[in-house]
Amino acid sequence: MAESGTGIIFTQSGVPVQGSADYQRVFDSRWRFMEIELERDFQINLPALPSVGSAVRYDDDTIVIKHGLGFVPMFESSFPDQRYNYALLAPAAIFCDDQNLFIRRFITTQGAEAQSFNFSVRIYNLPVLTDYTAPKGLPQGTSSPRSNIGVKFLDGQTAGVDVGDNAVKGFSVDTTKKILSIHKHGLAKINDYSGRYCFTNSVDLTTNIFTVYPDANAISLRARDLSWIKKAGTPVVYFPADYTTFPGGMPNDISSNGTTYIIPVDDTHFKVATSYENALAGVAIDITSAGSMPGQFSMNPLPGDNSNAIVHDVGYPPTFLMALVDNEKFVSGTVVEVPYYIEPMAEIILARVTADSKYIRFGGIQALFSGWYGYVILKDPAELAQ
Amino acid sequence: MRRGTFGMAVSDPRKDMSEHEWLNDTSKVKWTVDLDRDPKHVQVINGFPGGTKWTMDTAQNQSNVETLLAIKHNMPFPPKFLCYFYTTDAAAGQSVQIGAYTINHAFMLVNAISIGEEGLYCEVDDTYFYIKHFADTFAFGTGNYTFGGSDFKFRVRIMLLNQEAFYKGGKGY
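Sequence lines, in order, name chains A and B. When you line the first sequence up against the numbering used here, it's residues 1 to 386, in that order. When you line the second sequence up against the numbering used here, it's residues 387 to 559, in that order.
A couple of the hints might just be wrong.
Computed far set for chain A versus chain B, every beta-carbon distance over 10 Å [as the list claims (entries may be wrong)]:
#1 L46
#2 R196
#3 T206
#4 N217
#5 P240
#6 T334
With beta-carbon atoms standing in for the labels, derived distance ranges [unchecked claim]:
#7 A/G333 / B/N497: 30 to 36 Å
#8 B/L455 / A/Q366: 25 to 31 Å
#9 A/S357 / B/G529: 45 to 51 Å
#10 A/N306 / B/A478: 28 to 34 Å
#11 B/G529 / A/Q157: 56 to 62 Å
#12 B/E452 / A/S29: 45 to 51 Å
#13 B/T453 / A/S29: 38 to 44 Å
#14 A/N327 / B/T438: 43 to 49 Å
#15 A/F42 / B/P435: 37 to 43 Å
#16 A/S116 / B/T438: 39 to 45 Å
#17 B/D443 / A/K358: 45 to 51 Å
#18 A/Q18 / B/D422: 19 to 25 Å
Source of the hints: derived by calculation from the structure; they are not laboratory data. Where is the CB? At the ideal position from N, CA and C, for every residue including glycine.
The shape of chain A in the complex, shown without the other chains (with noise of 0.2 Å):
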C-alpha cells in the first residue's frame, strides 16, 4: 500500500519500512509522540484561608508552573487527587490550563488548614483538546527481534550516557527502542445526554403542554441547561414525585422505562409524543392527569447517537490514553464558566470499555459512564505484544 508525504522511517530491525505496520515503526516523523515538553519536582506551601459565610464555596487556584505552551496539554503528576477526600478541611485537585499547571482547593465554610506536600508532574507536548489524526500507517505486521541498528540524541540533560550506551534515560530520541507514537488526540463528549434533565410542576391538560424548569440548586452549569429540549423527538423518561402516578396517558411501565419523545413549544415548554416518528410528525400524547407532580424528565440518548464512542479507524483495538476536561468553577459561590481546564491523565478508568478497529466505546461499570474527555489513541495495539 503507497503512502503519501514524506518524512523520517525507522522501522524494528527485520522489518522492511515498505509495508511496515504502524506499530512496527520506531520513529516517523510525520507523527507526534508522547514527548515531554517539562519534568519537575515540586514542593508547595499553601496557607490556611478563613472559613467563609454560610452556604458560600469558591475555589482556590494557586499557580504551581507557568508552562506557556499556549494550548492546554496532557499531564500527569504524582499528586494524590484529594478532590473527594472530604477528611481534609480544603480538598484538592490539579489542573492545567492552556498557560499555568495549578493547586485548585475547594473552600467551604470550613476554611482551609495550611498544607505543605510534595509531588512531580509531567507536562506533554501535544494539544490533546485539538484535533490531530496522524497519516494513517499500516495496521498489520509481523514480529521482529529488537534493532542494534539506529538513531540516538542524546537528551542533553542526563550525566554520564554516551550515544554507545545501552541506558534507560538519557537519550530524547532512540530508535532502538519502540517510541510510542500518537494516532490521534482530540476532545471527546462521552455520552454527552447523561445529566441532563429538567423538572416540570403543571402540564395543560388541554394543550398538552408542559412547563418546565432546570434544577436551580445543580452544581455544575450543564445541568442547568435546558437547551436540549429544543430538538424534536429526543427521548426523556419520565419519574412522578411519588415515582408511581403517572400523568394520566404517559407511558409507565417499566419495560420501557415510560421513554416518550420531545415535541417541543419553547424555552421552557415541550408536548411528548409516544414514539420518535410521532414527535418528528408532531402527535403528542392526549394528557388526562398531571399525576404527582413535581416530576423529572431525564435526557435518554437520540436515536443514532454515538456519543459513547470514540472513532480511531487505526485497524487494531488500540491502546488510549483520557483525562478528564472541566470548564466551570466556583468563584463567590457562583459556579462560572472557564476557559478548559484538564485534569491528570486517568490511570485507572471507571468504565468498561470495548474496542475494535474503528471504534472505543465506553459503558458504565455501575452508573453510565460520561464526561467530557481530552484523549489520545496510540499506534499500539491493546493484544498484540509487539
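We have chain A already, so just place chain B on it with the hints.
Below, chain B without anything else, positioned relative to chain A:
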C-alpha cells in the same frame, strides 16, 4: 521555555517552524519501551486466571490480597506501566462484561455493598511489577460469600515504559 540548540524538529505540514507548532522534536524525551528485555517489558498473557476463590464473612470487614504475577523489571526506577485487562471469562451471575477492556485494573465485583469488592490491580516498586488479586468485605452483609476468583479469565497486555512511574498502582481506595 526555549528549545535547545541541538536535534531536529518537524513542523506541522500546515504550519511554519514557530515554536509549539511542531509535530515532534528530537530534543524532547519520548515514551519508549524496550522490545528485547528479559523478562519481557511488552507481553501478552492469555488465560490469566482471576486468583483464589476466597470464602469470606460479609458481616465483617475483611480484606484478602494475593500476588498473581511478579515481573522483575531490572530498571533503575519503578517504571510507568500500561496494563490492559481483556475479560475472556467471568463468574456466573456477575455483570462484568466479557469482551471489554479495563485499564490498569480489572473489575470482578464492584459496588456490591452487602458483599464487597473484588478485582485485579497493578503495582510497581523498585524491583518488580505486580498484578495482584484482592477481595474485600464491608460488614454490611450476613453470612459467607465465595468470590469469583479463578472463574474469571483475562487476556492481559503489559507494557513497562522507560519512564519513571508517578502512579505506583493499587486497588484505588
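Going through the hints against the structure:
1. L46: 20 Å, holds
2. R196: At roughly 24 Å from the nearest Cβ of chain B, A/R196 sits farther out than 10 Å, so the non-interface label holds.
3. T206: 46 Å, holds
4. N217: 26 Å, holds
5. P240: Non-interface label stands for A/P240: nearest chain B Cβ at 27 Å, farther than 10 Å.
6. T334: Check passes; 32 Å lies beyond 10 Å.
7. A/G333 / B/N497: 30 to 36 Å: For B/N497 against A/G333, whose Cβ atoms are near 32 Å apart, the range 30 to 36 Å holds.
8. B/L455 / A/Q366: 25 to 31 Å: 27 Å, holds
9. A/S357 / B/G529: 45 to 51 Å: 46 Å, holds
10. A/N306 / B/A478: 28 to 34 Å: At 32 Å between Cβs, range holds.
11. B/G529 / A/Q157: 56 to 62 Å: 59 Å, holds
12. B/E452 / A/S29: 45 to 51 Å: 46 Å, holds
13. B/T453 / A/S29: 38 to 44 Å: At roughly 42 Å between Cβ atoms, A/S29 and B/T453 fall inside 38 to 44 Å, so the hint holds.
14. A/N327 / B/T438: 43 to 49 Å: 45 Å, holds
15. A/F42 / B/P435: 37 to 43 Å: Once the Cβ atoms are compared, 42 Å apart, the range 37 to 43 Å for B/P435 and A/F42 holds.
16. A/S116 / B/T438: 39 to 45 Å: 42 Å, holds
17. B/D443 / A/K358: 45 to 51 Å: Taking Cβ atoms as reference, B/D443 and A/K358 lie about 47 Å apart, which means the hint holds.
18. A/Q18 / B/D422: 19 to 25 Å: 24 Å Cβ-Cβ, so the 19 to 25 Å window holds.
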